Amino acid sequence: MKDTFSASDNYQRTKESIGYVSRKEATQKDYDRIGFMSGLEVHQQLFTKHKLFCKCPAGIYQKPDEYDAEVIRHMRPTLSELGEYDGTALMEFKTRKEIIYHLSNNTACTYDIDDTPPFPINREALEIAIRISLLSKLNIVGEVHITRKQYLDGSIPTGFQRTGIIGVEGEIQIKHKKIRLIQLSLEEDSCREVSDVGHTRVYRTDRLGMPLIETVTYPDCINPEEVRETCDYIRFLNRSTGLVRTGIGAGRQDVNVSCRGGSRVEIKGVAHTKWIPELTHNEAFRQWALLKIRDKLLNKIKDHKNWKIGSVELNNKIFKVQNGLLKEALLNNYTVVAVNLPGFKSILSYFTQPGKMFANEIEERLKVIACLEKPFMFHSEQFDPADCAYDEVHALLKSKPEDAQIVFWGPEDDIKTALETIEERCLMAFEGVPNETRKSFEDGTTIFERVLPGADRMYPDTDSPPIPLTNELIDKLSKNLPSDIIDRYHQLKKWNIPEDTYTYIFSRDHFQLIEKIILTLKIDPVYVGTFIGHTLKFVEGHYTAAEAFNYKIIFAMFRYLQQQNIELELARYMMPVLYEHPKMDFDSVLDSLNFKKIKENDIITLIPHLKKKFCEINQRDTNENEGNWIMGELRKKAIGNIALNKLAKHITK
Amino acid sequence: MDQDIFQGYKGDALAVLKKYNVRVWGQSEIETARGPFKGTILPRSENDDDQHIVLKIETGYNVGIDVTTILSMEETGYKKANYKIPEKQFPFTPGLPKVKLFGTGGTIASRLDYRTGAVIPAFSPGELYGAVPELADICNLDTEKVFAVFSENMGPKQYIALAKAIGKEIENGIDGIVIGHGTDTLHHSGAALTFMVQNSPVPIILVGSQRSSDRPSSDAALNLMHAMHAAGHSDIAEVMVCMFGPTSDEYGLLHKGTRVRKMHSSYRSTFRTIGDTPIARVSRKEIIPIKKDYKPRRKDRNVKIMPYFSDKVTMLYYYPGMKPDTIDMLVDAGYKGIIIVGTGLGHVNKELYPAIERAHAKGVHMYMTLQTIWGYVHMFVYDTGRDMMAKGIIPAGNMLPEVAWVKLSWAIGQTDDPEEVKKIMLTPVNDEITEREPYNGYLVYQGGVPAVEEFVRRVHK
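Here the protein sequences line up with chains A and B, keeping their order.
Counted from 1, the first sequence has number 555 at position 555 by my numbering; the numbering is strictly sequential.
When you read off a place in the second sequence, starting at 1, and then add 1000, the result is the number in my numbering.
Chain B on its own, in the form it takes in the complex (with noise of 0.2 Å):
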């Protein structure tokens, strides 16, 4: 009952509205040392201190109030404050493809939270209408929340969900699947579905926003019907992430759930295709294939799903003078399988080669990536990369890191056979090692040089 009342309040904070008999919501007058103060109590945040006390003010402005200036508070009246997106009934047109939105949670519907002061996800589609009511004229559109996590919380268990509910989805005769999801490990789900679900009739997208909706300028309702657009309209049968091309309103790109990255904290335009381009732009209006060989939508629902996913597999990020313990640790405390990030071409030092064997002979299985991120592992142009091979490490070509996490993971939830699990590693199923790779995949332009400064400055960023 307290924490209705005292919404986030403790220590001497919770102690002076208590002796006041002041709520949450209650709109009080205080006198204190430093003058009077008027407003509507509100609640406050978890983690902040318990010296203040949260205060919306009457021209809409929040103030603390420093307790022990507190001489006396009085409650003059009550008004809790009704935080809810106008709903309104989804329409239904005729002729709309059928997409189907799947809630995860994440900045792409949010509203705030008290306990901590931050967004939570929250949201159903009659809000989502509200809020963004041009999606009606994209697609006929049925929402349905999954689960609520932050994108940091989603594993194993969020990712088998997923996919089983895509399956059942796409055997309902569904024209194309939405994710909504938090962007932190947007590319590692993009890589999970990949895997999980293979053989889609239908387009898979994963969107989400780095600006939480609660803002004006926020992506989020971009992103949305860029989505949306790309699973009921485009002719891509794939696992795709859609998040902003620049970081201006103007277009999103659709990136190959196995080759993409996050790739800036904070920026819209921070997914990128690494090592290829993406597959295609998209607009409110039009889709504009970039690649041409990519896999189309089907009539059929012939979809493979594939829940398997082993929470025995680990990554190691190597530095210089890394002790062969950090491996010997990770195999006493039994995982199965280790993604190595190394330097270069693909190296580790020679003093973790014992523990690599031991590991080996364990039957752990190892698999060398890039912390370079752009390009191939190649472990034949030095002694030691063929040494680490001899020790059983297994190159795994251009395929990023977390993309082969994810795929190990997959891999060793199917079988131990370390030559089925190689021969699952190495064949792709979507890309996430290429053949080749061509010039204008890897493009990180640097300012002060004249022709880029002059590239900037004519397109929009």
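Here chain A stands alone, though its shape is the one from the complex (with noise of 0.2 Å):
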């Protein structure tokens, strides 16, 4: 069987058949073209004292191999309040996962393990979250339902995660558009997960339990610029309440993009809203290369309603192993089968991601639902391929020329799941894009993660009774909200600040800060913005701020300077000594950076002298250099004294 196939050039030859191009080539046109869509759940945790439905502290995290008990769970799934099961359900019971729960006697209580009823609702958590619909401009519910969402991974040892909506249907203004809100819900965080090797998956419960708000917008953004900016402006909204966790892991966002004709597709916790970009453009062009396959397929098996695999088990057949992974399968006692997947062939090595292609959809699953370890597979259309005597494989799997092969090993117990999944996916081909959530990677591709929950997976909480929220609980919580996040950029933009410092001014919720020492001390807000923007940000680059240390100072720096009668650039001396230092007082920063006080004119009349000083040594030098040099003696002394540029001025004269 000569065979001329190259998957290399298939992989090469599919992705510029489906006209793929990389996000710096990519224009409007071709988002167009793919029909993008995406919108966003943006989670982000309430700064509380206690968690949710329990009085743990929140906010205290254990490391890894810190913990005082562990709990085992499995999960079932079970029937939706409609009597639906879910999907996700069905697909972690197959996996059959046991769960382990490393608990923290500082950080959970039985009530975070579901061996106590949840106690009544964390009051300024609920209160934090009705705020911040209010900035959304969000309906408020009349009651708050609390109803369990099922999350069969384990992520929650209840197996379900209590959430209440606060608010529906809202929006918020960014640059050039409007985009519309679904609804903002009251949830508990779940757990950190440790490990998860085979069946057995590992989680921390520190994090378990603490207030979090979600916020989930219409699909509305159609590029992956949008779904950033959307994405960032929700969490400055947060933010600009001051009532919300900063931090790593505080927020995290799931990005839900389609292509036209795909599926909506759920890429999970992305740390950084910097990743987005990178991340839906790939998402986008995944799903139109599954459709690109699936019209392949229809177009050459006509019969797939009753496409089946066929498969073969290796270990007592014979054949020569060569190959090291095999042998040492074998020699782990693994079963070792190999997968006819009839009229796959070229299928395998379609393009799917940079660098992927839909082999891997089908390995993907493989690891998370078989709980098979990687490595544990290859096939046919490797670009390097794999010394499995295939020759012996078609023969024994009756292969045709069109047909392309896996071969695949695991547990004796895996293995019935194993070639279910196989099965599945393939059949999912002919249909296009399958709803699925999805875990991202710094380089902007994904993986497979689970099954995608759909609303069947609600149920209401019967251990919690509705909680009204009347008009005057509404009333008094609308009162000193922030102004609005777009309002706060128009500000910005007339006050004439670069746009560069904006989303270190807004991922900080500096704005107040800065409307404050604009308005109260009327210094250039150019200046105040430029300041913050740029010479606070880097400090906090570049120091270690004390426990102490309030961005509130940095007001009263401004105050002090201006009494004091003392130009504003020695702002950016004092601004590190501050940061480490709160505590100092003002005239003791000035200490510490030699500063003197020195009359204007005094400095001035310092200039001839230095001129004629500079004739001595550089007699034919220029106006330029001379005038550097005497900046450079004169430049200690000045700052803080006189204004550098003023000084310029004298120099040149």
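I should point out that these hints are in silico values taken from the structure, not numbers from a laboratory.
Some hints could be false.
Sample of chain A residues lacking proximity to chain B, with all beta carbon distances greater than 10 Å (derived) [stated by the list, open to error]: (1) 401; (2) 443; (3) 519; (4) 521; (5) 587; (6) 631.
Covered stretches of chain A, as calculated for chain B (at least 3 residues, CB under 8 Å) [unchecked claim]: (7) 103-116; (8) 189-199; (9) 233-246.
Quantities reported herein were computed from a predicted structural model and do not represent experimental measurements.
Quick reminder that beta carbons are idealized off the backbone N, C-alpha and C, glycines included.
Now that you have both chains on their own, put them together as the hints suggest.
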């Protein structure tokens, strides 16, 4: 069976045929061509003392090996309120995972591990969530109903997340358009995963139960940059209240993406907004590729309703095993199985994402659903073909030339699920794009995580009574809301503050500080904006803040400089000192900088003397060098005493 | 008719639904002062207020709409939910034991009840197989719903009905019996069945769940598997309670119906054998006996059903300063038996003595049990104890208070003769009074002790 087929050529060819372009080259035309559509689910931890449904402290984290006890659970799918099983639930049940929770007495109680019913909801969290809902222009519900949202991956020991809708149907205004919001919910955060190997998954319960809000948008974004902008906007809006947590993991988002004819796919837990454009770009094209694969398959295979894989166990078949991995698998007593995929030649190596092909789609599901540990498979369209006696395999499987093959291995108990998984994924290829959640990587690619859950995983929480939200409460919370981010954006523009400072200003919620300095102290807005957006940002990146440091000190510093009649240029030298020693009084800060107060005139009178001196050393030099030299000599004395540009004028006079 | 269309709604909320002609399960668009809402109207729990309407919105969440904010409503469609566990015929496998499951209610099989907003009991064999298909690998199952009541509503009538039903099944040749039961009074029923169903040739297992079966982390399925396994395959032909050993999904424990007690309001591992060890450990694969002297399974069908129960027995939980009229009132009300739950080794204050004497004179049977839960009544140590015995109070050894109440009810259901009653009370049917208390019969570890902390860290909770 001589074969001239080249997998890498096929990969390249298919990449071109679907019209894949890199994000750098892509224009709106490309996104319109594939019908790019995306929306967000932005999660934000709230800053509260306690968890949402118990009195455990919030925000205290344990190290991976720090725990006081272990509890084991298995999750079973249950019916939704409307009497349906959820697809994700059934998938998770198939995986037969044993879930181990590491409990620390400091951060988890019997509620967390589902041995005590919930306590009344944390009012502090509820009120923050209402305030943010009002800011997001959502319709506030009359009564919050706590709902159980099933999560069978074990990330919550009850098997469901207690969550309640605070508001529905809102909107935010980004630079050039409005993005509609579906809803905002208040919910408990989940466990943090420690490990997931084979059939055992380990979680830490410290983050579990912390109050979290989720803002969900409609899929109104039509290109990757818009998704990023929307995400930033929602995060900045949340932060503008000053009532949310910041730092690693305090804000995370799930990004929903589809292309025209594709399906909603959710990219889970994207930690940085800057990753969003590449991820959404690649996902939309992955779906585009899967649609092309569907067309090709439907064209090639007429009777796809009866399409079936063929398989044969290789353990007892006589063939010379050359491959090291296969030898090891046999040594481990694994079952080795060869699978025939009729008509799938040139499909396995079909382009899906940069560096990935259709075979990866199968491989990723095998890892998650059948719990096989990598490496566990070869296939007939690897760029670097594995030596596993394909000729013999073909004969055993009775393969035809248009077929593709997979050889995989694993514990005997997992083989049945694995074969079902392979067949299921291939059958889905005839349909197009499976609804799934995917895990993101920094390089912009994603892998299969779970089947996408639907509305069928909701169930009313019979342990919690409904919580009425009265008009009085909403009126009370409507007062003193911060201004809209979009209004703040326009104000910064009006002040001529350079745009490269905005992300920093909003992400650290510094707008009000800037506004106060400008309006109260009447300092030049451009100077204030760049001081915060450049100087403060630099200091934060290069120094370590003392625990007592508070941004309010920046206002106090400028007021002090004004009162002392000291030039503001000194502020950038004071900033690092204050950042590290916020308790130092301003006079001492100046002493530490060796600042001495000198009258402007006393500095200016030194110029003629220095000019003379310069001439003596460098008789034939230019005026420019003369100026620079004198500036250098006077700089230390001048900073804080005379504006440097004013001094420069005196020098060149 | 109103009830069907407006399930659970009353007062203002009902008036609004009627005004706009919108039904429960109607898909509706609602204009409110807080903005528009869209979704399906759900039934409302009867105990909730009449100021809100419950709506399931498209994303699957439920929200309440304040009726005072409603400007208009319109029904645009109708879709009633059909909550049904997929029902499948329970398959018959030759060679597997025949097990009968009696349903009495409780959370082992339950579903949502819109009337109360809580879960209600409901099940059929097919539903059970649909939800826990693993059961088919354990036994051939037949089920019967004897009645559907909450655990707290179990009482004499139910004990008797259950005992008779069990007797019939045993005569018909069943290999084991499982009783699905709410957990609150599981141990009362355990004791009652021990006394009413004597000399059983097969295991009789009571099982429940601490987390309703509508939760993914429910203990119901595993408890049921453990119970079926014990009923069908174990050699222990006693009345037992089968519930989680640890709170982890690992193994269950089989407790004697007369020595078991619910010890935590919500833990999965709430049932503990008191003053002894459990009889056995049970997993899905094996049964590991802990005690060797159990009553073994037999081939014969010589079960003895003794369905007696008097509802004229009460319990009196003593507290310091208790007044004699508390006893007088019970006697005046016609109670024939009183289980006193006394302090320490079994004491009450002297002020009660005259009332105790009056009760004794009227032929009231009085037995002393302990608030300490663990340990023996010992009324010889102090004079007061001897005084009380002289006045007619009989120490009940280390019988648990609830078990003593069940047993006295059962005894008085048979006879009024004080000597007969005393003989029945103090002759153990199955270890309700034990002759000795082993050292591992009293274990309540306390966190913070280094050795205990080490143990807790190593052993799955």
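Here is what the structure says about each hint:
For residue 401(A), the requirement that its beta carbon stay farther than 10 Å from each beta carbon of chain B is met, with the minimum near 42 Å. The Cβ of residue 443(A) lies farther than 10 Å from every Cβ of chain B, with a closest approach of about 32 Å, so its non-interface assignment holds. With 10 Å as the threshold on Cβ separation, the claim that residue 519(A) sits away from chain B holds: the shortest Cβ distance comes to roughly 34 Å. With a minimum CB-CB distance of about 41 Å to chain B, residue 521(A) clears the 10 Å threshold, and the non-interface call stands.
Against the 10 Å criterion, residue 587(A) stays outside the reach of chain B, whose nearest CB is about 51 Å from its own CB. No Cβ of chain B approaches the Cβ of residue 631(A) within 10 Å, the least distance being about 62 Å, so the stated non-interface status holds. Closer than 8 Å: that is the beta-carbon criterion, and the segment 103-116 of chain A has 7 residues meeting it against chain B, so the requirement of 3 holds. For the segment 189-199 of chain A, the proposed coverage by chain B is not satisfied: 0 residues have a C-beta within less than 8 Å of a C-beta in that chain, short of the threshold of three.
Restraint check on the segment 233-246 of chain A versus chain B: 0 residues with Cβ-Cβ distances below 8 Å, three needed, restraint violated.
Violated hints, in rising order: 8 and 9; the structure is consistent with all others.
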